[in-house]
Each structure stands twice: as structure tokens, then as C-alpha cells.
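So our numbering is basically just the index in the sequence shown, starting at one, shifted up by 118.
There's no promise every hint is true.
As the list claims (entries may be wrong) - Pair by pair, the computed Cβ-Cβ distance ranges are:
# : residue 1 : residue 2 : range
1 : Ala307    : Glu258    : 36 to 46 Å
2 : Asp203    : Glu243    : 27 to 37 Å
3 : Asp206    : Asp271    : 24 to 34 Å
4 : Ala293    : Asp272    : 45 to 55 Å
5 : Asp291    : Asn193    : 43 to 53 Å
6 : Gly273    : Ser205    : 38 to 48 Å
7 : Asp179    : Glu254    : 45 to 55 Å
These are calculated hints, taken from the structure and not from any lab test.
What you are looking at is a predicted structure, and each value in this text was computed from that prediction instead of being measured.
Just so you know, even glycine gets a beta-carbon here, dropped at the ideal spot from N, CA and C.
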Amino acid sequence: MFDDTRHAAALALVLALALAPVAAPVAAAATAGGTPVVTDGAGTTASDNALLSQQYAQQSDAPQLRLGSATVNPNDTAVVRVSTDASDIAGYQTNVTFDPSVVRVEGVVGSEDFADPVVNVNNDEGWVVFTQSGTEGVDEPVLARLRVTAVGDDGDSTDLSFVGEDTAVNDADRASVDVALVGGEVDVAAGDVVANNDGQQGASDGSGTTGNGGTGGGLLGDVNLVVIAGGAAALGGAVAGGVFLGKRL
119 MFDDTRHAAA
129 LALVLALALA
139 PVAAPVAAAA
149 TAGGTPVVTD
159 GAGTTASDNA
169 LLSQQYAQQS
179 DAPQLRLGSA
189 TVNPNDTAVV
199 RVSTDASDIA
209 GYQTNVTFDP
219 SVVRVEGVVG
229 SEDFADPVVN
239 VNNDEGWVVF
249 TQSGTEGVDE
259 PVLARLRVTA
269 VGDDGDSTDL
279 SFVGEDTAVN
289 DADRASVDVA
299 LVGGEVDVAA
309 GDVVANNDGQ
319 QGASDGSGTT
329 GNGGTGGGLL
339 GDVNLVVIAG
349 GAAALGGAVA
359 GGVFLGKRL
């Protein structure tokens, strides 16, 4: 009986040592498709996930899907764009999360490359889902622009993060394009309004707004907002069913 117990314990130790290296490849696989994954069991936070995204994007040859960043006065508004350096892009969908105690999403508009998207925003829970498709592929397009108002205090900050499982881009042939996701950030700093890294943020004029609107009907005019209770999946299957490939909404 003693020998059996000792042998069983030894076998368990050997198995534990043999299986230990498996953990690293499993963790790396979370970013293998360009979409780092938050694992609640490991206690990964949104900030951790954003950092992993940045590191993966720097090491990967895959094109990037990127959110801009901005520094804005309390109660002022900034414009943050969503862009990619991928080629032949004809459609996209994404879910962007933020801290609703720091910023509020006022709306999402299109760009020179894509029309105004279909939008579902929840400023209580801190997410905004938007999607749009065109009929032709565009190289390195600006997909959309988010208009965010700082509702937090001086010194507050929030990550702008893509939700990987809700984010995809496709080309003109309706094929999915692998991209590395790179999040952004909005900092609230009284008296320190600076351009965000996409060049779309202007200086504050003291009227409570900053930035310029680009195209697509202006930041408030002709914005196709769809606010639906019940979550992101309410967008007519936009997230659950995938990008509306090759079809203009």
C-alpha cells in the first residue's frame, strides 16, 4: 500500500512538471488572430488587455485597427477616429468600451471613406457598437469618428478598447481581414487640450466643444443613431450575425 501511494505521488509530480510549459502557449494563442482576449479566470483587466493589444500590434506584421486618443477639458468634447492601415476594406463592425464615469459618447459619424454607421450606444454601461459597409474596397481608410464628452473630473482617464469578439473588418470580396487591435485613451485635464494622435482634435474655444467635424454631414447633423435597450445584439444581428458584408445599409 505504501509503495502504491508513493508511486502515485511521483507520477503526479512528473505529470505536473510535464504539463507546466503548456500554459505559455495557451496564453500566447489568445493573441494569435490579432484579437487579444480577456480571461476573467486570470483576472485580466481592460487595461491589461489594451496593453497586450499594443504589444501584439508592435510585434505583428498584421495591419492594425486603431482607436485615436485625446486630452480634453472637463465638460468639453473631443473627436476620436477609428482607422486601419489595411488595404481593400469594404466593411467593418466593432464594439468599443469606455468608462462611463469619465466620458460619454455623443455619437459616431462616418468619414471620407465610409458613410455614417448604424450605431447603438449605452452610456450607462460604457459601450458603443457601430457598423457600416460599402460597395468598394478602400486602402487605409478612416472608418468612423467618435464624439466623446468628458464627464469626469480633472485627472480622470479612460481606455477606449475594442471588444475582440465583436470586432471584424472585411474586404471587397467579403473575406475577413486579420487585424491587430490597438486601443486609445481619453484623459481629462483642465487647461490641457491637445491634439489626439489622428490629428482631428483642435484647440478648445471655451464653448464646451473642441475639434473639427470632418465630413459625413457633420458631427451632429445626419447622424444615424440607433439607441436600443437590451444590449449590443439588438442591432439587427449586426454583432451576432457578423458584418453586413458588401451591402450598404
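Okay, the hints, checked on the actual structure:
no.: 1; hint: Ala307 <-> Glu258: 36 to 46 Å; verdict: violated (30 Å)
no.: 2; hint: Asp203 <-> Glu243: 27 to 37 Å; verdict: holds (30 Å)
no.: 3; hint: Asp206 <-> Asp271: 24 to 34 Å; verdict: violated (44 Å)
no.: 4; hint: Ala293 <-> Asp272: 45 to 55 Å; verdict: holds (46 Å)
no.: 5; hint: Asp291 <-> Asn193: 43 to 53 Å; verdict: holds (45 Å)
no.: 6; hint: Gly273 <-> Ser205: 38 to 48 Å; verdict: holds (40 Å)
no.: 7; hint: Asp179 <-> Glu254: 45 to 55 Å; verdict: violated (25 Å)
Hint compliance for this structure: hints 1, 3 and 7 are broken, all remaining hints hold.
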